[in-house]
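> Numbering (this note's numbering), first residue to last: -6 to 82.
To be clear, the hints were calculated from the coordinates, so they are not data collected in a lab. Yeah, the Cβ is synthetic: ideal placement off N, Cα and C, and Gly gets one too. Treat each hint with caution, since some may be false.
[What the hints assert, rightly or not] Mimicking EDC-like on lysine to aspartate or glutamate, the simulated pairs with C-alpha atoms at most 16 Å apart in a straight line are:
#	residue 1	residue 2
1	Lys24	Glu34
2	Lys4	Glu34
3	Lys24	Asp3
4	Lys24	Glu(-4)
5	Lys75	Asp42
6	Lys4	Asp25
[Unchecked claim] Distance ranges between label pairs, derived from CB positions:
#	residue 1	residue 2	range
7	Thr33	Glu69	39 to 47 Å
8	Arg54	Phe1	52 to 60 Å
9	Ala11	Arg54	31 to 39 Å
10	Glu27	Val64	45 to 53 Å
11	Val64	Tyr(-6)	16 to 24 Å
12	Thr2	His43	19 to 27 Å
13	Tyr6	Ser63	27 to 35 Å
14	Asn0	Gln49	48 to 56 Å
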Amino acid sequence: YCEATGNFTDKEYRDLTATSGLPTGTAYPTKDAEGNLLTTEFGLCVYRDHQVVTVQEMPERAPPGQLPRSVDVLIENELVDKCRPGDRL
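With the hints as constraints, model all of the structure from the sequences given.
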């Protein structure tokens, strides 16, 4: 938020786990285009829950002599924390 002009500035940050677009830089804006100082309005920040879960093949279903296969799954929003380590899906 720029107190001098009363305008809001927004910036979207994405990391390597983001499903929309390429990762952004982590530079935090401190001035707007005219050089006015910006302050952060933390009440207006929006955060998105995400979690990486590794789903592994059941050992008893794996072919004899082979390690169980696994795949990493990115979970977002309301699906976060719906499963716990050791749960069978």
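> Now tell me if each hint is right for this structure.
Hint-by-hint comparison with the structure:
no.	hint	in the structure
1	Lys24 with Glu34	holds, 14 Å
2	Lys4 with Glu34	holds, 12 Å
3	Lys24 with Asp3	holds, 12 Å
4	Lys24 with Glu(-4)	holds, 11 Å
5	Lys75 with Asp42	holds, 12 Å
6	Lys4 with Asp25	holds, 12 Å
7	Thr33 with Glu69: 39 to 47 Å	violated, 24 Å
8	Arg54 with Phe1: 52 to 60 Å	holds, 53 Å
9	Ala11 with Arg54: 31 to 39 Å	holds, 33 Å
10	Glu27 with Val64: 45 to 53 Å	holds, 49 Å
11	Val64 with Tyr(-6): 16 to 24 Å	violated, 42 Å
12	Thr2 with His43: 19 to 27 Å	holds, 24 Å
13	Tyr6 with Ser63: 27 to 35 Å	holds, 29 Å
14	Asn0 with Gln49: 48 to 56 Å	holds, 50 Å
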